[in-house]
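Participant: What follows is the residue order along each chain.
Protein chains: 2
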Amino acid sequence: MNKIITLAVAAALAMTGASAQELQNFRGNVRVVSPELTDSDVTFRLKADYATMVQLQASWLAQPVAMTRGENNVWAVTLELPYAEIHTYNFIVDGTAVNDPQNFYVQRDGTRYLTMLTVPGERTANYGEAQHRGTVSYKWYDSKILGINRRVTVYTPYGYEKNPKAKYPVLYLLHGAGGDEEAWSSMGRAAQILDNLIEKGLAKPMIVVMPNGNPGQQAAQTLGLPQSDINFRDPAYADAYVKSLCTEIVPFIEKEYRADAKPASRAIAGLSMGGGHTVTAVSLYPSLFDWICPLSSAGSLTNEAAQALKKDGYKLFWLACGDTDFILNNSNAIDKVLTDNGLEHTYYHSDGGHVWANWRLYLNTFAQLLFK
Amino acid sequence: MNKIITLAVAAALAMTGASAQELQNFRGNVRVVSPELTDSDVTFRLKADYATMVQLQASWLAQPVAMTRGENNVWAVTLELPYAEIHTYNFIVDGTAVNDPQNFYVQRDGTRYLTMLTVPGERTANYGEAQHRGTVSYKWYDSKILGINRRVTVYTPYGYEKNPKAKYPVLYLLHGAGGDEEAWSSMGRAAQILDNLIEKGLAKPMIVVMPNGNPGQQAAQTLGLPQSDINFRDPAYADAYVKSLCTEIVPFIEKEYRADAKPASRAIAGLSMGGGHTVTAVSLYPSLFDWICPLSSAGSLTNEAAQALKKDGYKLFWLACGDTDFILNNSNAIDKVLTDNGLEHTYYHSDGGHVWANWRLYLNTFAQLLFK
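One line per chain: the protein sequences are A and B, in this order.
The first sequence begins at 1 in this note's numbering and counts up one residue at a time.
The second sequence begins at 1 in this note's numbering and counts up one residue at a time.
Worth double-checking, as some hints may not be accurate.
[Said to hold, decoys possible] Derived Cβ-Cβ restraints for the label pairs, each shown as a range: (1) B:Leu-202 x A:Pro-251: 29 to 35 Å; (2) A:Gly-159 x B:Gly-159: 25 to 31 Å; (3) B:Glu-344 x A:Arg-258: 43 to 49 Å; (4) B:Ala-166 x A:Leu-284: 47 to 53 Å; (5) B:Leu-81 x A:Ala-177: 50 to 56 Å; (6) B:Gly-201 x A:Gly-201: 47 to 53 Å; (7) B:Pro-82 x A:Leu-202: 49 to 55 Å; (8) A:Gly-201 x B:Gly-159: 35 to 41 Å; (9) A:Ser-287 x B:Arg-123: 51 to 57 Å; (10) B:Ala-166 x A:Pro-226: 57 to 63 Å; (11) B:Asp-49 x A:Arg-258: 43 to 49 Å.
[Unchecked claim] Here are some chain B residues the structure puts well away from chain A; computed CB gaps all over 10 Å: (12) Val-42; (13) Asp-49; (14) Thr-52; (15) Trp-60; (16) Ala-84; (17) Asp-94; (18) Val-98; (19) Phe-104; (20) Gly-178; (21) Asp-335; (22) Leu-343; (23) Tyr-347.
No wet-lab data here; the hints were simulated from the structure.
From the three backbone atoms N, C-alpha and C, an ideal C-beta is built for every residue, glycine too.
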């Protein structure tokens with residue numbers, strides 16, 4: 001082993017000078033294209049001069065695949081094109097994960113930055129930029145309930161500014177555990193999906209409000225703001241976030257924006273933990289929202305809450321879950337309570353599990369039903 | 001060499017299974033803290049099980065420094081704390097650049113994502129989040145001059161919504177080559193600097209408009225929108241972006257926002273290429289802006305333009321450049337034209353070169369002078 005280590009160190013020392021150059025020029029001297037798509041396959045490439053092994057790890061692959069060193073130490077692998085969706089991938093260079101330096105399409109998932117691969121197709125037609133685009137704003141509201149100033153992402157549709165007297169319905173769109181107020185606009189492509197649906201006449205122009213569902217957070221962790229020091233597990237703070245959503249965020253939005261402030265113009269949808277928040281919100285405030293969409297949902301609906309909702313009335317209860325989602329039983333339980341209590345609803349099934357591919361599909365589907 | 005390669009391949013094969021696990025748990029089994037700051041030093045760490053050599057590359061270091069493998073294959077290096085500023089760094093794992101997976105503070109510089117190290121101090125006091133924060137919005141405007149729909153980042157100060165009759169002065173803040181409409185809000189910390197200065201009573205509440213200065217771009221490349229097919233080197237399109245800025249963006253902003261639409265309430269500042277845009281804007285439209293701040297500026301000012309500006313009047317001409325900036329001669333030339341033509345102005349000098357540390361410092365300095 002000694003000899004190998006010595007040689008490795010010698011090689012390492014030899015490259016010390018080269019490495020600074022390496023980074024500065026890492027898209028420079030040798031033109032590397034990655035990813036490169038054809039109609040049937042995709043090639044990934046990474047220039048890695050001193051690596052022993054380079055692999056590709058990707059969201060649609062069960063395990064990493066080896067890449068092969070080629071000319072100029074460009075490692076490559078060609079794979080059959082996966083199904084049309086937004087996938088993510090990275091390289092593993094001698095055991096360390098590396099994003100593709102050639103690919104600047106990046107999503108943030110909590111505290112991780114993921115390189116995207118968008119495979120075009122019918123399924124992704126609404127995930128790119130439309131011709132006419134709405135405004136995405138990052139606003140701050142004061143929460144007395146949570147004791148902090150908090151950030152909320154707000155989408156206003158194209159034409160909002162040009163129609164100064166128009167009032168708009170509002171969709172409150174909630175993220176899951178590990179997410180934040182940028183989850184739906186980054187991984188969820190919410191602005192792009194709404195822009196495209198509205199442009200095609202498939203969805204009503206609407207405001208979309210994407211709050212931060214972590215009660216102790218002022219904003220996404222990437223902003224570096226201190227967390228609240230309240231213990232939200234204290235029963236005194238039960239459902240504190242949902243209470244803030246319904247009694248602070250909704251009034252804030254209806255004051256700041258030209259929102260149509262009535263139940264028939266309020267929708268609530270959320271994924272996973274946000275599905276739980278959705279169910280809790282309509283349980284605690286049955287007359288607030290007429291359009292209700294828990295997606296791959298956590299949380300549970302009691303018979304009492306279902307009866308209250310039935311009595312109060314609503315326009316749409318649209319439940320969705322993937323067939324292989326680990327949390328499928330939870331959606332089945334909500335479906336059962338709705339059925340047992342005679343509440344009209346849709347239970348939308350898709351392939352796959354607890355993934356953004358499904359949540360983008362759900363938004364693209366139920367947004368076409370809202371406010372009609 | 002054969003023996004080494006064989007052994008390396010064997011090691012590589014052995015780790016294939018482990019590597020998928022590696023990524024999933026790469027912040028998991030072994031708790032790695034990076035960066036870790038004390039009052040005097042900073043330690044960087046990376047878990048890299050199969051690497052031969054790991055180095056640290058950082059914006060304040062002339063060349064990469066070696067890291068040492070420790071327990072659990074966590075590589076580390078401790079360095080004296082650099083001066084208070086926002087720095088950037090990454091690791092080089094067997095020759096390949098890797099961002100710090102433990103550190104989710106990331107800036108985007110064009111098409112690159114850079115891990116940040118913020119060293120706290122007087123200089124960075126205004127770069128973090130203030131108690132009261134304004135809204136950052138991404139809006140779209142139609143440019144007839146450039147033939148495309150384009151994105152612009154707009155900051156409105158805290159209190160804008162609560163004072164529905166107040167009118168605000170506007171700073172047009174322009175980026176340099178390689179930048180886009182997110183450069184000032186990401187690397188430049190523009191929203192944080194303004195929030196802090198306004199909160200401390202050091203700057204007037206103002207709207208800040210950060211357009212995209214690349215005439216063929218609809219938006220940052222990360223949005224994936226097609227470029228314009230116009231050839232902007234055609235003399236027919238000379239200064240097309242500056243014309244769009246002054247005759248399309250300014251009216252758009254003054255229609256969409258409660259802007260105080262007069263020269264005394266309009267400021268223009270820009271760095272490098274954006275300094276050139278600033279000088280061109282006040283040369284073509286001498287009566288539009290009363291507050292003029294070219295930073296590390298490209299572009300040139302003619303004697304005729306200086307005379308027109310002098311005749312028309314202005315409130316502030318604030319030129320700034322770093323002492324070791326490669327483009328210092330250009331600022332010196334603008335200074336000379338101003339002096340030769342008897343235009344009152346400030347020439348602010350700082351240490352250092354053509355870097356964001358200087359542009360943050362300049363914004364933090366001249367924003368305190370505007371509209372007073």
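Participant: All hints, please: hold or fail.
Facilitator: Evaluation of the provided hints:
1. The hinted window of 29 to 35 Å between Leu-202 of chain B and Pro-251 of chain A holds, with their beta carbons roughly 33 Å apart.
2. At roughly 27 Å, the beta carbons of Gly-159 of chain A and Gly-159 of chain B sit within the given window of 25 to 31 Å.
3. Checked against the hint of 43 to 49 Å, the pair Glu-344 of chain B and Arg-258 of chain A passes, with Cβ atoms roughly 46 Å apart.
4. In this structure, Ala-166 of chain B and Leu-284 of chain A break the distance hint of 47 to 53 Å, their C-beta atoms being roughly 37 Å apart.
5. At about 36 Å, the beta-carbon gap between Leu-81 of chain B and Ala-177 of chain A misses the expected band of 50 to 56 Å.
6. Range check, Gly-201 of chain B to Gly-201 of chain A: Cβ separation about 50 Å, and the 47 to 53 Å hint holds.
7. The hint said 49 to 55 Å for the Cβ distance between Pro-82 of chain B and Leu-202 of chain A, and at roughly 53 Å that hint holds.
8. Taking the beta carbon of each, Gly-201 of chain A and Gly-159 of chain B are about 39 Å apart, inside 35 to 41 Å as hinted.
9. Range check, Ser-287 of chain A to Arg-123 of chain B: about 53 Å between beta-carbon atoms, so the 51 to 57 Å window is met.
10. At about 30 Å, the CB distance of Ala-166 of chain B to Pro-226 of chain A disagrees with the hint of 57 to 63 Å.
11. A hinted range of 43 to 49 Å is violated for the C-beta pair Asp-49 of chain B and Arg-258 of chain A, which are about 56 Å apart.
12. Distance check on Val-42 of chain B: its Cβ is at least 16 Å (rounded) from any Cβ of chain A, clearing the 10 Å threshold; non-interface status holds.
13. With a least beta-carbon separation of about 5 Å from chain A, Asp-49 of chain B fails to lie farther than 10 Å from that chain, contradicting its non-interface assignment.
14. The beta carbon of Thr-52 of chain B is not kept farther than 10 Å from every beta carbon of chain A, the shortest such distance being approximately 5 Å.
15. Remark: the non-interface label on Trp-60 of chain B is consistent with the geometry, its nearest Cβ contact in chain A lying 13 Å away (cut-off 10 Å).
16. Non-interface call for Ala-84 of chain B relative to chain A: holds, since the shortest CB-CB distance, roughly 16 Å, exceeds 10 Å.
17. The Cβ of Asp-94 of chain B sits about 5 Å from the closest Cβ of chain A, inside the 10 Å cut-off, so the non-interface label is violated.
18. The Cβ of Val-98 of chain B does not lie farther than 10 Å from every Cβ of chain A; its closest approach is about 5 Å, which violates its non-interface assignment.
19. The beta carbon of Phe-104 of chain B sits about 4 Å from the closest Cβ of chain A, which is not more than 10 Å, so the claim that it is off the interface is violated.
20. The claim that Gly-178 of chain B lies off the interface holds: its Cβ sits roughly 12 Å from the closest Cβ of chain A, which is beyond the 10 Å cut-off.
21. In this structure Asp-335 of chain B is separated from chain A by more than 10 Å, as the shortest Cβ-Cβ distance comes to about 31 Å.
22. At roughly 38 Å from the closest C-beta of chain A, the C-beta of Leu-343 of chain B stays outside 10 Å, upholding its exclusion from the interface.
23. Every Cβ of chain A is farther than 10 Å from the Cβ of Tyr-347 of chain B; the closest lies at roughly 31 Å, confirming the non-interface assignment.
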